[in-house]
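From the two separate chains plus the hints, produce the assembled complex.
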Amino acid sequence: MRSLKALCGSAVAAALCLGLGMQFAAADEYPSKPIEMVIGFKPGGFSDAMARKLSEPLTEALGRPIVHTYMGGAGGSIAATAVKEKDPDGYTVVVATSLTFAFNPLQGEVTYTKDDYDYLLTMARFEGAFVSLADKPWTDFSSMIEHAKSTGTPIKFGSLGPADRAQMDAVAKATGVTFIPLPIKGGANMMQSLLGGHVDFGMSGGPHVKYVNSGEMIVLAASGSEPLNATPDAATMAGLGFPAVSYNSVIAAPKGLPAGVKARLEAALLDAANSAEFQELVQSRFVGIPPMGADDTAASINAISETMKSVLADSGN
Amino acid sequence: MDALLTGVQNALTLGPLIAIAAGVSVGIFMGAVPGLTAAMAIALLAPITFGMDPLTAIAFLIGIYKGGTFGGSISAILLNVPGSPEATATAFDGYPLARSGRVKQALQMALFASVGGALLADLLLYVVAAPFSTIALKFGPTELTFVVLFAFTFVAGLTGKSMLRGMTACAFGVLCAMVGLDPMSASPRMTFGYVELLDGLPLLPIAIGMLGLAEVMMAAERAVKRRRSGADIGTAAISSTSGPSLSIGVFLSHWKTVLRSSLIGSAIGALPGIGASMAAFVGYGSARRYSRTPENFGKGSLDGVAGPEAANSAVVGGSFVPLLTLGIPGNVMTALLIGTFLVHGIEPGPHVFKTEPVLIYGIFTILFAANFLNLAIGLLGSGLYSHIVKAPEYVSYSIIGLTCLTGVFASTNSLFSLYIMIIFAVIGYLMKKFDYSFVAFLIGFVLAPEFEVSFRSYLLVAQGDPVGLLLQRPIALVFCALTIIAIIRICWTEHKNRDAAPSHLKSSEH
Chain A
7 MRSLKALCGS AVAAALCLGL GMQFAAADEY PSKPIEMVIG FKPGGFSDAM
57 ARKLSEPLTE ALGRPIVHTY MGGAGGSIAA TAVKEKDPDG YTVVVATSLT
107 FAFNPLQGEV TYTKDDYDYL LTMARFEGAF VSLADKPWTD FSSMIEHAKS
157 TGTPIKFGSL GPADRAQMDA VAKATGVTFI PLPIKGGANM MQSLLGGHVD
207 FGMSGGPHVK YVNSGEMIVL AASGSEPLNA TPDAATMAGL GFPAVSYNSV
257 IAAPKGLPAG VKARLEAALL DAANSAEFQE LVQSRFVGIP PMGADDTAAS
307 INAISETMKS VLADSGN
Chain B
239 MDALLTGVQN ALTLGPLIAI AAGVSVGIFM GAVPGLTAAM AIALLAPITF
289 GMDPLTAIAF LIGIYKGGTF GGSISAILLN VPGSPEATAT AFDGYPLARS
339 GRVKQALQMA LFASVGGALL ADLLLYVVAA PFSTIALKFG PTELTFVVLF
389 AFTFVAGLTG KSMLRGMTAC AFGVLCAMVG LDPMSASPRM TFGYVELLDG
439 LPLLPIAIGM LGLAEVMMAA ERAVKRRRSG ADIGTAAISS TSGPSLSIGV
489 FLSHWKTVLR SSLIGSAIGA LPGIGASMAA FVGYGSARRY SRTPENFGKG
539 SLDGVAGPEA ANSAVVGGSF VPLLTLGIPG NVMTALLIGT FLVHGIEPGP
589 HVFKTEPVLI YGIFTILFAA NFLNLAIGLL GSGLYSHIVK APEYVSYSII
639 GLTCLTGVFA STNSLFSLYI MIIFAVIGYL MKKFDYSFVA FLIGFVLAPE
689 FEVSFRSYLL VAQGDPVGLL LQRPIALVFC ALTIIAIIRI CWTEHKNRDA
739 APSHLKSSEH
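For the protein sequence lines, the chains are A and B, in the order given.
Just so you know, the first sequence maps onto residues 7 to 323 in our numbering.
Just so you know, the second sequence maps onto residues 239 to 748 in our numbering.
Since the hints were made in silico from the structure, they are not lab data.
Errors might be hidden in some of the hints.
Stated by the list, open to error - Below, in silico cross-link-like pairs of lysine to aspartate or glutamate (EDC-like), each with a Cα-Cα straight-line distance of 20 Å or less:
1) A:Lys142 / A:Glu152
2) A:Lys191 / B:Asp673
3) A:Lys90 / A:Glu152
4) A:Lys315 / A:Asp175
5) B:Lys537 / B:Asp673
6) A:Lys268 / A:Glu42
7) A:Lys315 / A:Glu115
8) B:Lys494 / B:Asp437
9) A:Lys191 / B:Glu690
10) A:Lys216 / B:Glu594
11) B:Lys671 / B:Glu459
12) A:Lys191 / A:Asp54
13) A:Lys315 / A:Glu91
14) B:Lys376 / A:Asp141
15) A:Lys268 / A:Asp175
16) B:Lys376 / A:Glu222
17) A:Lys90 / A:Asp122
18) A:Lys216 / A:Glu286
19) A:Lys191 / B:Glu688
20) B:Lys670 / B:Asp420
21) A:Lys216 / B:Glu585
22) A:Lys39 / A:Asp93
23) A:Lys191 / B:Asp420
24) A:Lys48 / B:Asp437
Unchecked claim - Derived CB-CB ranges, DEER-like:
25) A:Asp301 / B:Val705: 53 to 61 Å
26) B:Tyr657 / A:His74: 18 to 26 Å
27) A:Gly245 / B:Leu653: 46 to 54 Å
28) A:Gly203 / B:Lys734: 20 to 28 Å
29) B:Ala719 / A:Gly221: 36 to 44 Å
30) A:His74 / B:Val462: 55 to 63 Å
31) B:Phe610 / A:His74: 30 to 38 Å
As the list claims (entries may be wrong) - One side only, chain A facing chain B, incomplete, derived with CB under 10 Å:
32) Arg70
33) Pro71
34) Thr75
35) Tyr76
36) Ser83
37) Ile84
38) Val116
39) Lys162
40) Leu188
Cβ atoms here follow ideal geometry from the backbone N, Cα and C, with glycine treated the same way.
Chain B extracted, bound-state conformation (with noise of 0.2 Å):
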């Protein structure tokens, strides 16, 4: 106890809120302008705290890494250009929100459902940090195969309006993400001689690429034909107001959504290796599956803000979970923050609640803080981004193409991404064209290389006998369980919509 008392009362002093703030705002800075990432940020100024004490020091890297996950929102919901990758499914509706009139709202939804998220998963965190990380160390390749066929299936709603259209564009994202080395016999696949594939096609110029670019690409189309049938020539703005401000009161009616998706992120962000990306993405699907108006999800739903923001940011509170107890990172940033750790005498792992206790409080206390300063930095300039959607169509298109090519080029420091950007913004735009869903084909993109790693693995491991070690599998087993009922529930519905079909015959497409 008074561990726990000293440990909050060293972390609330003016050095770690300081730090915290300043982290946050250059977090939210690195997150905001696509090509900078807040893993690059912490790279980078992690060697500035190693002179600072240890608090403070993981103050300032905690504050980057909050601030990032809410940062990449901002230009993902402005300009259609996911700022960071986990931001990616923030786009979907942010976007439309902000074309329609709504900027601020999208944009206070995003940093609510982030603190909040934020919050609940720090709470969990609190509560059950060390019987969880018990419970992650059991999630091997049987585990992780089912979990990862779960995810399908909350996805399986985003495939625009034809099942078949979208599960065509789920399978082209599943042939890109073959692209690279072979996970196991490490023989390249569809390289054609590049040694820049061998990695396989990087996520963030393919996600740029199809929401960014292909949209400047539609935008220059609607004006063309706009001078040709001679109407006025494209100055119109995107918008003339950033529209109302979001009330506390519509945001809590989004509670579940919020506290969906945190459940959600909290516990992709305890499992190693899965991430933020797939988080959001889980985090979107599911706010639809349980909506009451599915149909308005991609035009503009503050529910597809809510449930990806909600979900990448609980995923930093859940990846805390492995760092704190069994000294492992889940993802990049987590990596990053052990090496400061390190250098600090600290060494995460399952002695450090006895041998640390006033610290690791004290890092509780700054997670927690961090959210709060993280709402207001975010309220203070959510009024200023939102003047950005005022400016003419002519002007921010060319700022969005212009910002496209510096970010991808920055984030990689190679040519050959670019080009990537190139040809999958093509591809995003005759996606767009025919009705293909780029939601579902960035679906298959993120989730393939995580199945078939754990998939080919599960096949080994099983011997030739893959029912009988899911049988001794109870985790593995329950996830089974749950992918079958979760596919009836889908086909039951698909087959209630076809019925109900012939009386409102387009209405209930899905």
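Extracted from the complex, chain A is given alone in its bound form (with noise of 0.2 Å):
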């Protein structure tokens, strides 16, 4: 299946470079063909449209096409488990989540681990939010758990996720106050479950920014340990002594790039980056962050994959 899917492939690569009328330069003269970008996502949704939007300065940059590939599903560990065959020669990249490296491995179910990749980009930071209605009996984290625990209600949590429910669930260890944590499918119907009672707080990763704006909502607290885009002034989780999750979009090749290939990849995918088209789309979505290049996402990997071992640790799972 593996060759099957190789040569499928180097097939379509060939056939582009056949029709494009490119020929292949010497192996040093990075890039020689296009670049085939990996999307870890189906298509659509606001991470294609940053991988979209990100390829074009980044073909401007580098002088080639960039070919998308879209592989969704498993948080991004389908995409992340295809692109670790490939050959580390610079033209496969594959974009993913902080999570997808650094949280999936630990939950055993996927064959790499954070060490199979080089990291090149983090390009932006999902708004990750516990929010709530304005309504309720609390207007922030801390408060909410005091709430808890002196009337003993147990509080229901819509969950996003495996890794914001071993989070709630470490908060929990720590605290003693229950959650009842309720699975739901994606942030629309988040917004949904919350307008409508049926969860007390939950898990966003930016669609409640419209409600909060208009009062309907409040944020709780930062899941991550970064201070959010569009409500500066909410706690973070780090901050309240919680452990934190955050949820960034990266981008790695498989392990082993030559160090001139990495350098000037790298290059190039900060420059796009950094562009006022690419800037101007993530700001408008409050993701937008100063794009960190290999070394500071790799350890944002290493940190976050830390993190990720002791909310497991705390959670007792």
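Following this line, the structure appears as structure tokens:
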């Protein structure tokens, strides 16, 4: 299967090269052919929009087309698994999240580890926040915990995935409060569950901002250790002394890129991420951060992995 | 009132109308080709609308959405290969109709029912959007549990000849739906180490395998048998003509099915996260349940085409209720539409009726107009497509087989889905051989995940007192009562049939 896939992949790449009338130049003149960008999400979402927007300035910087392949599913793990097997020649990169690399391997369901990749770029950070309706008897995360402690009532928590559930397990263990985790599919359904009162508070990656601006919802805390863009005054989980989980949008390549290729690719990616058009897109959706290059991204993946290990240990899973 | 008139006027200008026509054509094409979906078309083409004015851009995308919902039925009827997941139920009776030489009737029934269902749903949207959205918000895990349970009773009649075999097939469908990450604990179930299975088995490869490729295997077997018996080698056409057209009178005689399915589709569309596939199955099930000739279902009943098509098209109108009133998308398509709305500076939500009334009425008008263009463009095509069935068997089945393979690969870009499709083609072939209903299997597979999440969430929220919680939720209580009534009715009919059985032994078997 793998060889078939590789065959298909190289056939496609070869056809593209021929079609565009390109010639394979010497190997030291990277890049000499189109670069395949494997997108770990289904087409149409915001992550896809970011990858496609980033590709425009990237194409200009590298002088070669960027070919998109969609391999959505399992939180980016399907794409990451496929890319791990590719040659580390700089012609295949994968777009996924920090949790694809730092958390999913800890769950023991995938065949890669975070050390199988060369990290190149962190292009955005999702506005990960715990939110609730404004008319609840609390105003932030701490007062919600206090309220739960004093009344002894369990709190219904809308969860978007295993990472936030592990995080809340750790909070429950540390505070003695009981959470009832309810799985919700996607941010839009989360808004519906919050507005309809089916969960008391929930995890959200951005759709809550307009409800916060209209006064219907409040942000209890940022899920990570960094302040949020839209509501910078909200506390962070790290600031409150709880385990913090950040959701970054990351680009990586198979481990073992030649140093020259890696430097060229990193520089081009950083330029693309800093371009005005890309920044306009991410800032309009409150996910903009100063882009991080290869070393910073690798360090952040390591840090997130350590945090997630302790989250899993604290939550007793 | 001024806003209404201005909105209608704005929508009925050349730009938006051309955009709708273009969108509908793209949508029908993308829907009809297995592996390409209307959602994919919207995702890929949305960027080219960014330069248009908002109404034209939305007209184009709504055209794709409407055309795509009908388009999936074309390949379902002609090839037994559903072009999109929600057309799966259309194949159950559409394909037998095509095989028996009534292909034009089947295609036109699918088109008329689609347009009729969509018109009714859009009318409902226009009248009840605002009050319905507040009710839809009240649907939490408790309510959804009983809604899905009620939906199960609609499809209970679809178990084939033997209830026991039907239940076995349905249970197998439920078992297959359990593959993937456990929704509550996120631990993998039956994934056997394949990362591709973490998200569960995909519907489209399974439906295409069980319906399309399994049919090719049956045809191959028939051809081998014919050759052995020395008969004329399988050059016989499936059918020599595409049959007569569907007269308006015949279509109108199915008004009850269309109306019922439209209401089902609108309601399901307005609920978050359930979707068009389930609406189509429930529409099919209810059409059979209320039919005077339920024994014809599966053999080529026009009601069996009208039921799912009216329901899955009505979902479009229904899904605009939460989209426009709450800014909440109910499915992938509307999620993509919201993205486009935001690009054009329209923020859907409770305030949009006050801040942008002209635009909202323009969108309503476009939804209506798109139905008529869908009808016109669909009719133009139906004469053309129906010639496909005149091809000799060996040609058409080769094309069906190839379409199954390319379609599944194109939709997911992965060979893994292809293997899944082939495995389920073999399972589907064996199920047909041993008379296990693959319809019951697919229903179990489609309904089980929604039921599991709702039911387990309901039990968690109830904290050990499910009855107490149920009594506090009036909407859930209503659906619980409806479910019990439906079950009693089914048992009663079964009982009566069994009493009557000795006199006409086989005719009354279910």
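Hint-by-hint comparison with the structure:
The suggested pairing of Lys142 of chain A with Glu152 of chain A holds, with an alpha-carbon distance near 13 Å, which does not exceed 20 Å. For the hint pairing Lys191 of chain A with Asp673 of chain B, the CA-to-CA distance comes to about 36 Å; that exceeds 20 Å, so the pair is violated. Proposed proximity of Lys90 of chain A and Glu152 of chain A is contradicted: the alpha carbons are some 46 Å apart, above 20 Å. Between Lys315 of chain A and Asp175 of chain A the CA atoms are separated by roughly 13 Å; this keeps the pair inside 20 Å, and the hint holds.
At roughly 14 Å between alpha-carbon atoms, Lys537 of chain B and Asp673 of chain B fall within 20 Å of each other, so this suggested pair holds. Distance restraint check for Lys268 of chain A and Glu42 of chain A: the Cα-Cα separation of roughly 15 Å lies within the 20 Å cut-off, and the hinted pair is therefore satisfied. Taking the CA atoms of Lys315 of chain A and Glu115 of chain A, the gap is about 15 Å. The hint holds against a cut of 20 Å. The hinted pair formed by Lys494 of chain B and Asp437 of chain B fails the criterion: a straight-line CA distance of about 38 Å is larger than 20 Å.
A hinted pair counts as satisfied when its Cα atoms are at most 20 Å apart, and Lys191 of chain A with Glu690 of chain B qualifies at roughly 13 Å. Restraint check for Lys216 of chain A and Glu594 of chain B: the C-alpha separation of about 17 Å stays at or below 20 Å, so the hint holds. Under the criterion of a C-alpha separation no larger than 20 Å, the hint pairing Lys671 of chain B with Glu459 of chain B is consistent with the structure, at around 11 Å. Between the alpha carbons of Lys191 of chain A and Asp54 of chain A the distance comes to roughly 18 Å, so the proposed pair stays at or under 20 Å and holds.
Distance restraint check for Lys315 of chain A and Glu91 of chain A: the Cα-Cα separation of roughly 26 Å exceeds the 20 Å cut-off, and the hinted pair is therefore not satisfied. Between Lys376 of chain B and Asp141 of chain A the CA atoms are separated by roughly 17 Å; this keeps the pair inside 20 Å, and the hint holds. Restraint check for Lys268 of chain A and Asp175 of chain A: not satisfied, since their Cα atoms lie roughly 39 Å apart, outside the 20 Å limit. Our distance criterion of 20 Å between C-alpha atoms is met by Lys376 of chain B and Glu222 of chain A, whose separation comes to about 17 Å.
Between Lys90 of chain A and Asp122 of chain A the CA atoms are separated by roughly 7 Å; this keeps the pair inside 20 Å, and the hint holds. Distance check on the hinted pair: Lys216 of chain A and Glu286 of chain A sit about 18 Å apart at the alpha-carbon level, within 20 Å; holds. Restraint check for Lys191 of chain A and Glu688 of chain B: satisfied, since their Cα atoms lie roughly 11 Å apart, inside the 20 Å limit. A threshold of 20 Å between alpha carbons decides the hint, and for Lys670 of chain B with Asp420 of chain B the separation of about 31 Å lies outside it, so the pair is violated.
Using a Cα cut-off of 20 Å, the hinted pair Lys216 of chain A and Glu585 of chain B holds, with the two alpha carbons roughly 9 Å apart. Pair hint Lys39 of chain A plus Asp93 of chain A holds up; C-alpha atoms about 14 Å apart against a cutoff of 20 Å. At most 20 Å may separate the alpha-carbon atoms for a hinted pair to count; Lys191 of chain A and Asp420 of chain B meet this at roughly 13 Å. As the CA atoms of Lys48 of chain A and Asp437 of chain B are separated by approximately 12 Å, the hinted pair is consistent with the 20 Å bound.
The hinted window of 53 to 61 Å between Asp301 of chain A and Val705 of chain B holds, with their beta carbons roughly 59 Å apart. In this structure the supplied range 18 to 26 Å holds for Tyr657 of chain B paired with His74 of chain A, their Cβ-Cβ distance being about 24 Å. Separated by about 47 Å at the C-beta atoms, Gly245 of chain A and Leu653 of chain B satisfy the suggested range of 46 to 54 Å. Range check, Gly203 of chain A to Lys734 of chain B: Cβ separation about 44 Å, and the 20 to 28 Å hint is violated.
Taking 36 to 44 Å as the suggested C-beta distance range, the pair Ala719 of chain B and Gly221 of chain A conforms, at roughly 38 Å. Under the hint 55 to 63 Å, the C-beta atoms of His74 of chain A and Val462 of chain B, about 44 Å apart, miss the expected range. Remark: the range hint 30 to 38 Å for Phe610 of chain B to His74 of chain A is upheld by a beta-carbon distance near 36 Å. Interface hint status for Arg70 of chain A: violated, as the beta-carbon distance to the closest one in chain B is roughly 21 Å, over 10 Å.
Interface restraint check: Pro71 of chain A against chain B, minimum CB-CB distance 17 Å, threshold 10 Å, status violated. Given the 10 Å rule on beta carbons, the hint for Thr75 of chain A holds: about 6 Å separates it from the nearest Cβ of chain B. Given the 10 Å rule on beta carbons, the hint for Tyr76 of chain A holds: about 6 Å separates it from the nearest Cβ of chain B. Because the smallest distance between the Cβ of Ser83 of chain A and any Cβ of chain B comes to about 5 Å, under 10 Å, the interface hint for this residue holds.
For the restraint placing Ile84 of chain A at the interface with chain B, the shortest Cβ-Cβ distance is roughly 6 Å, inside the 10 Å limit, so the hint holds. The beta carbon of Val116 of chain A is positioned within 10 Å of a beta carbon in chain B (closest approach about 5 Å), and the interface hint is therefore held. Against a cut-off of 10 Å between C-beta atoms, the interface hint on Lys162 of chain A holds, since the closest Cβ of chain B lies about 6 Å away. A distance limit of 10 Å between C-beta atoms decides the matter here; for Leu188 of chain A the minimum to chain B is near 5 Å, and the interface restraint holds.
Hint check: violations occur at hints 2, 3, 8, 13, 15, 20, 28, 30, 32 and 33; the rest are consistent with the structure.
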